[in-house]
Each structure stands twice: as C-alpha cells, then as structure tokens.
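S.K.: Listed below, chain by chain, are the residues.
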Amino acid sequence: MSMAPPVTRLIGEELTLDRGGRRVLADLSFTAEAGVALVVTGPNGAGKSTLLRLIAGLLRPVAGRLAVDGGDPELALPQHCHYFGHQDALKPQLTVGENLAFWRAFFGVADAEVYAALDRVGLARLIDLPAAYLSAGQRRRLAFARLLVTKRPIWLLDEPTSALDAASEARLLEIVGEHLDGGGLVVAATHLALPFARMDGLRLGPATVGAAA
Amino acid sequence: MSALLALFAREWRLAVRVGGGALMGALFFLIVVTVVPFGVGPDLNLLARIGPAILWIGALLATLLSLDRLFQVDRDDGGLDLILMGETPLELVILVKCLAHWAATGLPLVVASPLLAIFMNMEPIAIGATTLTLLVGTPALTFTGAIGAALTVTLKRGGLLLAILVLPLTVPVMIFGVSSATAVLYGNMPFSTPFSILAALGLFAMVLGPVAGAAALRHSGE
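So the protein lines, in turn, are chains A and B.
The numbers in the first sequence follow our numbering, run straight up by one, and end at 213.
The numbers in the second sequence follow our numbering, run straight up by one, and end at 1222.
It should be emphasised that the hints constitute simulated quantities derived from the structure, not laboratory data.
Just so you know, these numbers come straight off a predicted model, no measurement behind them.
There may be inaccurate statements among the hints.
What the hints assert, rightly or not - Cβ-to-Cβ under 7 Å is the rule here; a few derived chain B residues that face chain A:
1) Ser1002
2) Ala1003
3) Leu1014
4) Leu1082
5) Glu1123
6) Lys1156
7) Gly1158
What the hints assert, rightly or not - Now the in silico label distances, taken between C-beta atoms and shown as ranges:
8) Ala170/A x Leu1203/B: 17 to 25 Å
9) Asp1077/B x Pro73/A: 27 to 35 Å
10) Arg9/A x Ile1175/B: 29 to 37 Å
Just so it is clear, CB atoms sit at the ideal spot from N, CA and C, and this is done for glycine as well.
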C-alpha cells in the first residue's frame, strides 16, 4: 500500500439501491475529497448506513458506480476502506489484545503496535482482560482501535460517537482529524453535529433525488 | 499467509475456550455410541457387526451439531463484514475455518473412536480400519457441512435446516466409509477400493465446500 499513489477522491455516480423491494437510494451522486470529511445526515431510515455498506462493498447497487482516484490499482474499493459500523466484531472469549492482534494480522499490513493503538483509545491497561467484561463504550473504542493498527485511506464511520462519553468522543474526533490531516478520506453517517475542521454535507431525505456534496 | 495463520489460531482458541464446544462434539459422540447397545441389546456379535456403522453415524451427527455456528457467530457480531472487506479470498477463509473446526471437533472424534469401538466389541483390525476411515472421512463431513452452514447463516435457528440440507449430501461418504471398514472384516473386497473413493470424496469436498460456501456467504448480506 505504501508504494501506491494516495487516494485523492471517492466518487459515487447516480447510485440506486433497493432493499427488501423498497428503493432506499435513488440516483445519488456524491464526491468525497481527501482531507475533507463527508458527513452524511438524514432521519432514521434515510439510507445513511446503507450508503456506507454500499461503499464498503457489502451491498450491490441496482445502478450507478463507485470509483476512487488514486490508490492501489491491484485492490478493489472495499480493500481501501475501513468500516466502523454498529457491530463491534469482537469475540468475548478473547482478550482485548487478542481481538485487536487478530484484525491486525488479518488485514495484512501492520502499521502500528497493538499496545500503541490501545493506548490511543485509552484501553492499554485492559489489554489482558477478556472482551466479555468491557462496557459498551469500551467495546466501541476497542473496535475503533482496529482502524489504527492497519492503515486504509477511506474510513467509513457509522454513528462513530454512539455510546461514547464526552472525553472518549473528543479523543475519537481528534484521531479522525489526524487521519484527515494526513490526507485520508472520511465518510461519516450521523444524526448528531460532528465538529470536523473541514467537512462537506450530504443530506439524505426520505426521497433522495440527486443530493450532491 | 499470516492472515490465514492468525485466523486458524483465533478459531482454535475460540473452539477450546469456555463456550467453544470443541469437547461437546466428542462428548455427544460418546453418549450416542454408548446408548446404542442399550437399544440393541446385549448381542455381542450383532454389536461387532454394526459397530463401524454406529461409529460413523455418531461422528456424522456430532460433526453436524457443532457446525451450525461456523459462520453465524461472525455474522452476528459483524466480523463477517470485515472478513469480506479483507484482502484474503473468502474461499481460503472458509477452508481455514473448516480446518480449524475439524482440528478442534473432528480430530477428537477420531481419537475417541478406538475406545468406543471396544464398547462395541469390535475386533482390533476393524477398530484400526474404522479409525482410519474416520480420519480420512470426517474432514469431508466438515467441508460438506460448511456449505449448509453458509446457506443457513441468516437464519436464527438454522441448525435443524442445516442437518436436513447436509445429511443427504453425506450419504456417499457414509457408504464408502462404512464399506471400507467392513471390507476388512469380511474380506469380500479389497480395503483399498472403497477407501480410495472415500479419500477422493474428501478431496472433492475440500474444493467444493469452500467455493460453494463462499458463494452463499457473498449473497447473505443482500
């Protein structure tokens, strides 16, 4: 990944997607630029999470296309992305350190030590505790640490600050800010106001037609 | 490669730690085989004759019972999404998950089978043959069962459906597994003939299971 040109832009063109026979996204186009957070807002059921899962390659559009400028030509779009969804992908039987070490090894490129990443999210002293004993907020922070151990340029954040206290939220936003400063891309779905230094808005309504960034 | 090694290590740890169910399969196998003589009655010759078949049916049920959570746990906690986004091909992920599952739950069945064969009054040569066929045949059961586990991954109580889907597919493995073991006893055919077909079925399942399972899992999110 280090040899590949950096990803400068993520483009969605006229994306249309159906879920359960219902049209969730219709002709949606957007552009996310490196260094600028694209904040997706809208009421419940507007398709925020669906859009992120679409970018992550977990859902397929009926029509339209997704493309990146730059990046490793050998890899598909989902392999450029980190998906931080509602689920934490943690195994309660494994310790905090084992959970994170697994994802670090599985994603192939190890860019940070497990301890350093845990320290960043304030969980370093719990490294040997089984994940079953973590609180909801601690689970979120451990899941977020996954984004730090392997570098991927596009971060897809689905309600990233849910279940976090004020201090943890500030720390998370600081890490996201650093990712943006380093030329990373962020697409965040939220219904709260997230204070990013540079951000674009993408509002999804119940009937989304041609909303653009 | 390190991704696959890490996956194998994780699956192994999950299987042997509390709630993992690695030993549950072996215990279930023990119970099933122990119950049969109570039903059949104390006819030692009959037990010796049906012994290989009972061991095979016990191993089949024990394998299927432990397979329903193979992918479901990962789907429920969101890990499957991340696995799909990884650079490792899904087919290899399934292959490694199956190998780890077999090492944790299939291999103990093979190890326990000589002891249980004594319960069934089997002759030493039949014990050796049955253990060998189980060693070669249980991976085929795991890989075939992985297809069912992938197909039923979205169902909350998919265990029973998994058994219904997979049991017919395991019939060839059963037939050639049991006939290799009885070939030694009666000498009506060479051991190597059904045994080679059993080994071939195992290799076939090793390819088909991951490919078919990956196709099913890719569509599970839709």
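S.K.: I'd like to know which numbered hints this structure contradicts. Please list them from smallest to largest.
M.R.: The structure breaks hints 5, 6, 7, 8 and 10; every other hint is satisfied.
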